[in-house]
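Number of protein chains: 2
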Amino acid sequence: MAQTKHTWLFREGNASMRDELGGKGANLAEMTNINLPVPPGFTITTMTCNEYTELGGKMPAGLMDEVKIALADVEKDSGKKLGDPTNPLLVSVRSGAKFSMPGMMDTVLNLGLNDAIVESLIKTTGNQRFVYDSYRRFLMMLSDVAFSNDKNKLAKHDFEHIFYELKTKLGAKDDTDVDGEGLKQLVGLYKDHIKAELGRDFPQDTYEQLQVAIEAVFKSWNNDRAKVYRRKEKISDSLGTAVTVQSMVFGNMGEDCGTGVAFTRDPASGENKVFGEYLMNAQGEDVVAGVRTPMPIADLEKQNPAIFKEFQDVCATLEKHYKDMQDIEFTIEHGKLFILQCRSAKRSGMAAVKIAVDMVHENLINQNTAISRITAEQLDQCLHPVIAPGTKYSVLAKGLPAGPGAASGIAVFDATRAAELGKGGKGQKVILVRADTSPDDLSGMLASEGILTERGGMTSHAALVARGFGIPTVAGCSSIKVDAKNRQFTIGDVTVKEGDPISINGAFGEVILGAVAVVPPELTGEFGELLKWADETRRLSIRANADTPEDVELAVKFGAEGVGLCRTEHMFFAEDRRPIVQSMILAENDADRQVELDKLLVFQRNDFKEMFIALGGRAATIRLIDPPLHEFLPNLEELIEKVATAKALKTPDAAAEAMLAKVQSMHEVNPMMGLRGCRLSIVFPQIVEMQTRAIIEGAIEAEKAGIEAHPEIMIPLVGHVNELKWLRVKLDQTASEVVKSSGKTVDYKFGTMIEIPRAALTADQIAEHAEFFSFGTNDLTQMTFGYSRDDSDKFLKPYVENKILPGDPFESIDTEGVGQLMEIAVQKGRSVKPQLKIGICGEHGGEANSIAFCHKIGLDYVSCSPFRVPIARLAAAQANLATVERDK
Amino acid sequence: MAQTKHTWLFREGNASMRDELGGKGANLAEMTNINLPVPPGFTITTMTCNEYTELGGKMPAGLMDEVKIALADVEKDSGKKLGDPTNPLLVSVRSGAKFSMPGMMDTVLNLGLNDAIVESLIKTTGNQRFVYDSYRRFLMMLSDVAFSNDKNKLAKHDFEHIFYELKTKLGAKDDTDVDGEGLKQLVGLYKDHIKAELGRDFPQDTYEQLQVAIEAVFKSWNNDRAKVYRRKEKISDSLGTAVTVQSMVFGNMGEDCGTGVAFTRDPASGENKVFGEYLMNAQGEDVVAGVRTPMPIADLEKQNPAIFKEFQDVCATLEKHYKDMQDIEFTIEHGKLFILQCRSAKRSGMAAVKIAVDMVHENLINQNTAISRITAEQLDQCLHPVIAPGTKYSVLAKGLPAGPGAASGIAVFDATRAAELGKGGKGQKVILVRADTSPDDLSGMLASEGILTERGGMTSHAALVARGFGIPTVAGCSSIKVDAKNRQFTIGDVTVKEGDPISINGAFGEVILGAVAVVPPELTGEFGELLKWADETRRLSIRANADTPEDVELAVKFGAEGVGLCRTEHMFFAEDRRPIVQSMILAENDADRQVELDKLLVFQRNDFKEMFIALGGRAATIRLIDPPLHEFLPNLEELIEKVATAKALKTPDAAAEAMLAKVQSMHEVNPMMGLRGCRLSIVFPQIVEMQTRAIIEGAIEAEKAGIEAHPEIMIPLVGHVNELKWLRVKLDQTASEVVKSSGKTVDYKFGTMIEIPRAALTADQIAEHAEFFSFGTNDLTQMTFGYSRDDSDKFLKPYVENKILPGDPFESIDTEGVGQLMEIAVQKGRSVKPQLKIGICGEHGGEANSIAFCHKIGLDYVSCSPFRVPIARLAAAQANLATVERDK
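Chains A and B supply the protein sequences, listed in that same order. Each residue of the first sequence is one higher than the one before, counting from 1 in our numbering. Each residue of the second sequence is one higher than the one before, counting from 1001 in our numbering.
These aren't lab readings, by the way, just hints derived from the structure by calculation. Some hints could be false.
[Unchecked claim] Keeping only pairs whose Cα atoms sit at most 30 Å apart, straight-line, the calculated DSS-like set for lysine-lysine is:
#1 A:Lys-662 to B:Lys-1058
#2 A:Lys-828 to B:Lys-1856
#3 A:Lys-730 to B:Lys-1426
#4 A:Lys-234 to B:Lys-1058
#5 B:Lys-1058 to A:Lys-803
[As the list claims (entries may be wrong)] Residues from chain B shown here face chain A by an in silico Cβ test under 8 Å; the list is partial:
#6 Thr-1053
#7 Asn-1722
#8 Lys-1794
Glycine is no exception: its CB is placed at the ideal position from the N, C-alpha and C atoms.
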């Protein structure tokens, strides 16, 4: 077998090699080949990283030999040599996975410096300050990524502390106030510190430096924050990172040097103009770390119109070449522009939609590409809340509009506490307030409604991440002073303490004192246009789960083509009905029960009538009562306590005792698998007879009001065909009697949920007696796995963390198991009735991967919550494109 | 299409036509064709009964025309004519289904009598008493079956009451004390009573009588007791009953006449000698109704040796012809023997086994037929308890040994109360004590441990039924006087009241005052011989579910070839261990938990050592901990009550509160689908690490004691292959460390339960990591149906009653749904590992139909409770015979 090639020179690769070279490496290769000004370099493949991991953290044999050969080529290209004091090559060593993971892994810059080269470089450049600045950065960075651990003090902040002390001693305010001599002194302090902590000198052998840096990048693939990020973004742990070694150019060699990060369009709004930030006399990390607040890219036009023009041309070339918005890192070295990196740019959901639609109008891409490019998460962001129109509020402070959407919550001052109190924790609404955020804050950020930072620009890593996940964020709000230690921030004489309510408006960078009302956004023109294209493209029909006329109106507004699930029992929970429902349950005999049911009939008939009218002629799948009746009664444990207390106090409560007796008699050990659904209806058919009557009478009344009704009556929890047969005969009779006595016609159907494994396995028998199927994938997932959704947290979390499961099967359909049952049901059902209408109404109906699966196995529709309808429309279109064709 | 033939003359049919003619009709045809003395007649097919039912209780068109034609043939054969006063034909009209349902449906005798014929017959026969006796019986019987309903008093007992009053008036003691004139008077009273109740005269048209009787028999197919019987016996409701119309012969025409019921062998013991009872000057119903206690058949030899000889020849002919023990009804009319019916005889389990083995030795049948002929229920009867050997007890009274087995319980005096208190009711052990039992008592009899009757013979219907279901029964114990009204019986000066404990010994007809200890029977020679043949015939291996060395010993004695399921957590419930288990659960940290686990290790190691020794080298499948931990803690509801009471009384109980907090934190909404099985083991691996250590150390200790151990460690509740992978790596390491440090070798395997639907669906993936599969069909049935076994009673009972389900899926495997998953698992598992060992350890493993299914789908073994092992051995052999060949 031929030896696998571990290293690829930029000119050997191309953009299609993302698997091997990572996104960054592939793009550098591509840019090199389209003649953009890219400093020479090479990339070590992602497979090499996996080899390294599999070898238990050992460099694969022969790797460094290949690196030497590639390095020789770079040395030849650049005319410099690594470790040569007379003409030293300095390189950057960067991570770069197939999918972008901004800031999650390690990078080393200025590699190749040592004491001798520093001496020599000072002579050559005559710029002592630049050389020592580079050296001190390099000492810190390599120590931080390669040598720092629990037992020593070689983390970045340890070095920053030493610098801080020196600055104090020297009376310097900013880093730039420290001159060459001062930095020389700092380098000495750094080297002493490294020796003291590490027990050896910082490596002076530049080749050893290179090997150490490559290893550090490999290792960083498996650091904790990278793993958290991948789990959230559903990136496979098996991809590995590539390592790109590239000759350095310097933005920090003087005031004619600079560095920046830019987007070819506005990543927040999507506006088609170059957007970004830069800093003169700085290296890239200064921009992205959020320590110095950078200048907007527009300022570059004033400062250096020629460079700006050149940069704009590069942007145009890249967009034309990649047919997508790019995120570019650049450096200016003594007035010469270098492009260090480009990649498809992260963008807000609103921007993603606008850019995709704009690019279609610009003839850069076609509609199908536009559809395919928007993720469900991006579309979801467009549906983020905004401050209720007309709300009067005063802005306390203004920062950068780093993440769209408005949010209200209590201020919290560290990520751990935010994770504890917020989403996934206690479920409170929290706003995370930080001086600046760091990748370590990820889980706390994800738990927050919104993020507010004092420092950091629009492209700081933390802001990028926040935007990627659609968390409303205001960054760089320098007028507030965050005091994390005392858990508060101040602005002027206002102090906001932990627990105080605040609000932010991410779209405009506004910070507001107190809570404000937030409402869902109006849908913009591009949003509507994209969804119109999606509607033309999809095969799946989209319905909504809606229990009230209000829900139906919202669903129709969002584009639902009907109701896929109306949970009739939700109508039982209303305050004016619950006492009747309780009396119905507690009735001693059928006659008493019927009296209560007759009262409920009046309510339900009107509910259905109004729902049919709101639907304006669209179909509605109405599920008959599903939960066990004891859900409508008081809580057993509270009753026991109440009765016991009353007895102990010798004030017995007869009513409570009677209720307790009834609740106890109805108590179930495993209610999820007890007397509910069609089982309940077979044992107590009166309830569903009433419901059927209410549906048909409601339909007749809607028709009298001029609206056609198409009720599809759905029987839940069928496991054996005979359950359906038995109930259908009974309810068909009720329905036809009502229709007959009305003298009207009603277009009603009877169908069944497929949510019990046995129903899927015997779907051929069931299809004989059903006019439609609807998968209840919540219950089907519960039964197929044997996981009670109410109890599964205790093991599902560790399961996902330990990769025992690839994800939470209640979020995205488990295609191997639950999906297998669905395929069996579709195949068997249609073997009997080729035209059988089949849909899904579990929560999976609004999740993109699940929708793709539903498309693949040939369902007719998906049904989801009204707010997920737009996402379902898009996902359905994408699913169809994936199976039909791709235009790129 | 040709008209379906509804009626078949006896000489047109044969024994193979049971489907069409019922067992009785087919046998009468067969007997006619082998020239036995059978009175002529014809049979209306079972399909005609179904037609009648489908027509909503209307006679099929043309049926009565066919009946007329067949009747003409019978009239020709017998030389008599229905309705002809000068030479009247009298007929019996009897039910007869494919499978015998003794006494469950209706029969009419002496049909064809009317006032005119009675007059004429008296003249012809000169026997006024006989004619009026026949007439009064006919009036009563036809009225009872055809005209009796809720609104009139035409049931048999109404007529008996009239007869009773007349006898009192006439000073007569027995029926036979009433002479011809008395019976004539009785007929008058009966006719008046009928007219008064019915509003019309009893039909004098003999042809109308015939039609009415045929309809009554059809209707009786769907009476309540027939339906209960069929459900219990698993006879399909769709079979229908045939109706046999046969010319009457009379056992009540004088003292040279008689009637009887006999078996070709002893139906209780199986002994090879004619066994039965007869009454002179009586009709058949007198024998079977149990009103008059009949004489043993042996007396016939003394009374009429020629007839007895002829009868013995008939028995021999029939056994040779049918190759099975027969149940025969016969009548002697003026010294001439007639055979009225023969059928395969019901017999006790013990008799069934003895007869089958004897017949092999007699070269009547071969071993395979012998095996096929024994039902699981019959074998089960052989395993019925007997009074503990050596028990001293005194016999209060003796009756007939009508049903084998000993039983102890409280006396109960009516069937309703027995059903209420006994099996399926409150679960108390009851002995039903009755003057005589009737088919209406069926459900009460089934709920009883034993039955004791004052009247009735060995062949009374009630005794037959009781024996069929293996209920220990003492019948015809005439020395006791049952006073049902006052709920007591007396014998001499002893009075036994309801609720008093009594015992019976069915094998010897003994009645015992008070409770006695009952123990399982020793297995007789024929029993062992039959099971040896079964062992030679079966392919499936049989294991037992056993949790203790005692269980293992019992299982091995019953023929188990290993342990298929040892539930390790059962060892946690012992009194000396439970406090340790609780401390383990309540431990605040892993170290504290380990201290308790180390204590448990000592117990479990010894448990396993002793189990391996008891197994004597056989394999044992040991399941790691399965239930949720809260099962080992106190009951939540009781704790709430306790804490609330203590609080109300201002005497707070801190320990109870702490325990309540813990129990609440571990409480689950649906524990069946919660943190249990391998989920628990993944979250808290310490417990199963301890168990694995205990198993391997126990195996090493057993080996030190000279016994080879073959532990098969089984992981429960796997739904995803990664669960198994994760645990197996961990436990394999524990096991191999223990083995390594011992310096011994242990033959251990790791496998998994298949009890989660998803596991069955992904069995190919799972098989890669399992050395064996064992189906847990209890859980698999729960999840596949979504039925909680703890809660399903509320709907399963109505489901089975309304035929929504064919039976309780927890009793017999639902082959369509659960079985389909099993087939998928077997096929997928073996697609990866062709030799994969697969068994079953749910309760279905001891149920005959389920065993047949397991055989069919290719399992390697079934495992069941020790007491079911013999039944499993037989069922496995039968399953193999069913697929291989039948020899008859």
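Requested in this report: Sort out whether Lys-803 of chain A lies within 30 Å of Lys-1058 of chain B, counting only the CA atoms.
Outcome: 68 Å, violated
Query raised in the report: Going straight from one Cα to the other, do Lys-662 of chain A and Lys-1058 of chain B come out at no more than 30 Å?
Result: 47 Å, violated
Query raised in the report: Quick one, are Lys-730 of chain A and Lys-1426 of chain B close enough, alpha carbons at most 30 Å?
Result: 34 Å, violated
Report task. Please verify that hint: Thr-1053 of chain B, Cβ, nearest Cβ of chain A, below 8 Å or not. Result -> 18 Å, violated
Report task. Assess, step by step, whether the Cα of Lys-234 of chain A is no farther than 30 Å from the Cα of Lys-1058 of chain B, and give holds or violated. Result -> Distance of about 70 Å is beyond 30 Å: violated.
**Report entry** Straight-line alpha-carbon gap Lys-828 of chain A to Lys-1856 of chain B, limit 30 Å
**Finding:** 23 Å, holds
Query raised in the report: Is the hint on Asn-1722 of chain B kept, meaning its closest Cβ partner in chain A is under 8 Å away?
Result: Holds: closest Cβ of chain A sits about 4 Å from Asn-1722 of chain B, inside 8 Å.
Query - Lys-1794 of chain B as an interface hint toward chain A, with CB separation required under 8 Å - result: 5 Å, holds
In the structure shown, a violation is registered for the earlier hints numbered 1, 3, 4, 5, 6, in ascending order.
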